[in-house]
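So the protein sequences, as listed, match chains A and B. Heads up: the first sequence is residues 1 to 491, going by the working numbering. Heads up: the second sequence is residues 1 to 353, going by the working numbering.
Please keep in mind that the hints were generated in silico from the structure rather than gathered at the bench. Be aware that one or more of the hints could be misleading.
[Unchecked claim] Straight line, CA to CA, 30 Å or less: simulated BS3-like cross-link-like pairs of lysine-lysine:
(1) A/K122 <-> A/K393
(2) B/K308 <-> A/K419
(3) B/K40 <-> A/K393
(4) A/K383 <-> A/K274
(5) A/K235 <-> A/K145
(6) A/K300 <-> A/K122
(7) A/K204 <-> A/K342
(8) A/K393 <-> A/K214
(9) A/K267 <-> A/K370
(10) A/K417 <-> B/K308
(11) A/K383 <-> A/K302
(12) A/K300 <-> A/K393
(13) A/K393 <-> A/K181
(14) A/K456 <-> B/K165
(15) B/K308 <-> A/K383
(16) A/K383 <-> A/K181
(17) A/K302 <-> A/K281
(18) A/K383 <-> A/K393
(19) A/K145 <-> A/K383
(20) B/K213 <-> A/K300
(21) B/K308 <-> A/K122
(22) B/K165 <-> A/K417
(23) A/K267 <-> A/K181
(24) A/K416 <-> A/K393
(25) A/K416 <-> B/K308
(26) A/K275 <-> A/K300
(27) A/K370 <-> A/K145
[As the list claims (entries may be wrong)] Each pair of labels, with its calculated beta carbon distance range:
(28) A/T132 <-> B/D226: 40 to 46 Å
(29) B/K129 <-> A/E138: 55 to 61 Å
(30) A/D253 <-> B/A92: 50 to 56 Å
(31) B/A128 <-> A/D25: 54 to 60 Å
(32) A/G291 <-> B/A92: 40 to 46 Å
(33) B/S242 <-> A/A306: 52 to 58 Å
(34) B/G177 <-> A/K275: 54 to 60 Å
(35) A/V174 <-> B/D212: 55 to 61 Å
(36) A/V174 <-> B/D226: 28 to 34 Å
(37) A/G394 <-> B/E125: 47 to 53 Å
(38) A/T319 <-> B/E125: 41 to 47 Å
(39) B/E116 <-> A/G449: 54 to 60 Å
Here a beta-carbon is modelled for each residue, glycine too, at the ideal position from N, C-alpha and C.
Here is how the chains run, residue by residue.
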Amino acid sequence: MATEINIDPVTRLEGHLGVSVSVEDGIVVDAKCSGTMFRGFETILIGRDPRDAPVLSQRICGVCHQSHRITGVRALENLAGTRVPDGARVMRNLIEAVTTVYSHALWFYALGGPDYSDAVTKNGLTRLDPITGQGYREAVANQRKLHEVMSILGAKVPHQMTYIHGGMTHQPSVEKIMQVKTRMLEVSDWVGSTANLPAVLEDKLAGKPNDYSKGHALNDVVDWAVYALSEGADKWGGGHGKYISYGVYDMADGSLFEPSGVWDGSKVIPMDEKKITEHVKYSWYTDDSGGTPASAPTPKTKHDKAGAYSWSKTPRYGTMAVEGGPLARLVIAGIDPFDLRKNLGGGSGKASTFNRTLARMQETLLLRDKIVEWLDELVPGQKTYTDFEVPEKGIGVGLWEAPRGPVGHWTEIEGKKIKRYQIIAGTTWNATPRDDMGTRGVIEEALIGVPVPDVKNPVNVVRTVRSYDPCLACTVHVMTPAGQKYSIQVT
Amino acid sequence: MLTRRNFMKLAGAVSAGMFLNLYNSDIVKAIENAGKTGIKLVWIQGQSDTGCTISLLQGEHPDIYDAIMKLNVDIRFHPTIMAAQGEEAMAALDIEPDVLVVEGSIPDPEFATMGERPIRDIVRELAAKTKVAVVAVGACATYGGIPAAEGNVTNSTGVQYLKAKKGGALGAGFLSGAGLPVVNLPGCPAHPDHVLLTLSSVILGVIPELDDKGRPVMFFSSKIHDECARRGFYDVGAFAESFHETDFSHEKCLYQLGCRGPVTLSDCSLRKWNGGINVCMNSGAPCIGCFHESFPDAMSPLFEPIEKVPTLLGINPVTAGKAAVAATAAGIAIHAARRGVAKKTADEGGEEK
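Only chain A is shown next, with the shape it has when bound in the complex:
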């Protein structure tokens, strides 16, 4: 008989999450995830000035606020046919990149990383201990510098204010560029040069003591990687093994630095926004609340719906269950710095709890290096705004990537007012209930096969859930089927 483990709330993530898994012979055989908070943003936006939507929808999330703001702005600019000046393009990329680096560092040191710390596993990695760990303390100081950078470019954090329909509200200056550069260089020193990574890894594998002069964060990442491999994190947490990315970072030539696409399990195919649909069979909405975001009605709640167990809808690409996030972006971009996922994780495109986390760290280094490069593209005093007028009517689509997955906003305007607004957030792709065909959600599927040698301490379950960096600005908990329940002790 299966043992049921119920974890509600799962802490150390944005929002609340509960997970319920069935364990047989020390292996997870079933799992359910459900979002149980609903705010009704899509209803609240109806009838408002379309320019207000990016500002209000930004407040869906206190961590990926910039992603929602820019995506909302892009939906408006898409409809109006606006092309922002180059200065705005570069500033937007910088804000996105700094925010992503910040978010990934927050994950490593405060949210997901502690699952691999001495405090949790008695493995000697005390630098990763929450609050008291030296790495944690250093990270907080460096995250603050990144927040300062976000504030210089975005006016304040959380909820940066400088993205505007048509560009940015301010322009680059020598002073701002220097302020940003100084802080980025300080943070970079702490992280360590990307080029040092192979040497740090080699030393670690050779059993040499950590050389922090090569970078504090680099050493922590390598410590994590070696320990995670010893725990077998490359062997489980894979899930559906298919990926989606909307693409992010506009380049001057019109391309995207991390391109859009879908990985169907063997190759990258072009991503067509019209193939995105939302299923609601297992969600607390009326059956007609799903469909393609460009035409689906505003969801109507139905909390007594039979079989439903979530406030989250279930997005699908065609009929495919696909995951979003740093691993998806890097696989679709064909990037695997130093072949780390290939050599350590069993394949550059392979999904696992290990590779998902490693890709987050690879992307952090990649973007950190790009930030320094992109800063040099800014020209003091350059134009950052172009005229924008709210279109009379039509449907605008904004697609972008939050640190943790694809974000889409669809705004339908009539008489210069919002008639309908649809949002699919990054985590929505991952933390969903089953779809209409009964296929498990992305995190649900990833939990299948995760080893739980001790039902009283299912640490691999929470490692796998947190490997998606779930950002549920909603209370999410997981249903508990009948069976024995264990509370878990992860301290």
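Using the hints provided, position chain B relative to the given structure of chain A.
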């Protein structure tokens, strides 16, 4: 050493904007002393986006981690930072907190749960047992915020207010064990200094003086407009007419683009954000009034000037709206006159400025 009495005196005597910078180390010391008595703090998230927590984690005056480590405040529950989870985490709520912090608005039972229990029940139960103070943090917990805006499908409300009206999830008559109404720290997000200073003073048993909306007077006694770095541009009637001229270098006021600074109480302009680095208006972003008790409805549409937002003028005609609009009308007249003069000069062959 900073005694309770001295602390209160300081809080009253020093301008709120300068307070933390001047007495940072004293506050830390005061917290350390208070911590020895073991203050039990519980932090609950309702319909929140965790933005207030993220904001607080970046606080510098004092640093939240220093505060936690040194003051030994016993944070029994905080979903974002605690190590425990699941039933163990829920069991931590089975206490009588000294301080209860609520982040996020409170909806009808089915729309927000934790540990399979409605957040509303959890908040009501904990509030009834809270010994010293219930502190509502952020626009949502204080006055309802965006979830309680027009279209409110979840019947969402703030902890003790719904917009400007007293009531909310705990009811108008709620008082903590120490006899205090809910302390409101609005803003989207709340300012980390407001949160840390309020919590540290509450921990000391010093309750900041509150205004008629439950806000500490020391942070919320003046309009954002009053100390705005662009105030001088306003006074001479130099108004930005589009986002082409909102960068500070253009030296224009953001009023015409929808700035809500003239109707919003907060010390943002002086205190600024993220370690005093920046604030919305300084980077060309008009204030959206996220500290206002009727944010966002009364502030919308956000990018239209105050006089084009009838609901805004209806809210507080005596102190805020009319005065600001009258002043601005004067400012605009000056602006028009200057433009006229400039135009004339240009016509006469001079250079238009």
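We went through each hint and held it up to the structure:
{"no.": "1", "hint": "A/K122 <-> A/K393", "verdict": "violated (60 Å)"}
{"no.": "2", "hint": "B/K308 <-> A/K419", "verdict": "holds (22 Å)"}
{"no.": "3", "hint": "B/K40 <-> A/K393", "verdict": "violated (54 Å)"}
{"no.": "4", "hint": "A/K383 <-> A/K274", "verdict": "violated (34 Å)"}
{"no.": "5", "hint": "A/K235 <-> A/K145", "verdict": "violated (36 Å)"}
{"no.": "6", "hint": "A/K300 <-> A/K122", "verdict": "violated (48 Å)"}
{"no.": "7", "hint": "A/K204 <-> A/K342", "verdict": "holds (18 Å)"}
{"no.": "8", "hint": "A/K393 <-> A/K214", "verdict": "violated (56 Å)"}
{"no.": "9", "hint": "A/K267 <-> A/K370", "verdict": "holds (27 Å)"}
{"no.": "10", "hint": "A/K417 <-> B/K308", "verdict": "holds (16 Å)"}
{"no.": "11", "hint": "A/K383 <-> A/K302", "verdict": "violated (49 Å)"}
{"no.": "12", "hint": "A/K300 <-> A/K393", "verdict": "holds (24 Å)"}
{"no.": "13", "hint": "A/K393 <-> A/K181", "verdict": "violated (42 Å)"}
{"no.": "14", "hint": "A/K456 <-> B/K165", "verdict": "violated (47 Å)"}
{"no.": "15", "hint": "B/K308 <-> A/K383", "verdict": "holds (29 Å)"}
{"no.": "16", "hint": "A/K383 <-> A/K181", "verdict": "holds (21 Å)"}
{"no.": "17", "hint": "A/K302 <-> A/K281", "verdict": "holds (11 Å)"}
{"no.": "18", "hint": "A/K383 <-> A/K393", "verdict": "holds (28 Å)"}
{"no.": "19", "hint": "A/K145 <-> A/K383", "verdict": "holds (27 Å)"}
{"no.": "20", "hint": "B/K213 <-> A/K300", "verdict": "violated (34 Å)"}
{"no.": "21", "hint": "B/K308 <-> A/K122", "verdict": "violated (62 Å)"}
{"no.": "22", "hint": "B/K165 <-> A/K417", "verdict": "holds (28 Å)"}
{"no.": "23", "hint": "A/K267 <-> A/K181", "verdict": "violated (38 Å)"}
{"no.": "24", "hint": "A/K416 <-> A/K393", "verdict": "holds (6 Å)"}
{"no.": "25", "hint": "A/K416 <-> B/K308", "verdict": "holds (16 Å)"}
{"no.": "26", "hint": "A/K275 <-> A/K300", "verdict": "holds (23 Å)"}
{"no.": "27", "hint": "A/K370 <-> A/K145", "verdict": "holds (17 Å)"}
{"no.": "28", "hint": "A/T132 <-> B/D226: 40 to 46 Å", "verdict": "holds (43 Å)"}
{"no.": "29", "hint": "B/K129 <-> A/E138: 55 to 61 Å", "verdict": "violated (38 Å)"}
{"no.": "30", "hint": "A/D253 <-> B/A92: 50 to 56 Å", "verdict": "holds (54 Å)"}
{"no.": "31", "hint": "B/A128 <-> A/D25: 54 to 60 Å", "verdict": "violated (46 Å)"}
{"no.": "32", "hint": "A/G291 <-> B/A92: 40 to 46 Å", "verdict": "holds (42 Å)"}
{"no.": "33", "hint": "B/S242 <-> A/A306: 52 to 58 Å", "verdict": "holds (54 Å)"}
{"no.": "34", "hint": "B/G177 <-> A/K275: 54 to 60 Å", "verdict": "holds (57 Å)"}
{"no.": "35", "hint": "A/V174 <-> B/D212: 55 to 61 Å", "verdict": "violated (47 Å)"}
{"no.": "36", "hint": "A/V174 <-> B/D226: 28 to 34 Å", "verdict": "holds (31 Å)"}
{"no.": "37", "hint": "A/G394 <-> B/E125: 47 to 53 Å", "verdict": "holds (49 Å)"}
{"no.": "38", "hint": "A/T319 <-> B/E125: 41 to 47 Å", "verdict": "holds (45 Å)"}
{"no.": "39", "hint": "B/E116 <-> A/G449: 54 to 60 Å", "verdict": "violated (27 Å)"}
Violated hints for the displayed structure, listed by number in ascending order: 1, 3, 4, 5, 6, 8, 11, 13, 14, 20, 21, 23, 29, 31, 35 and 39.
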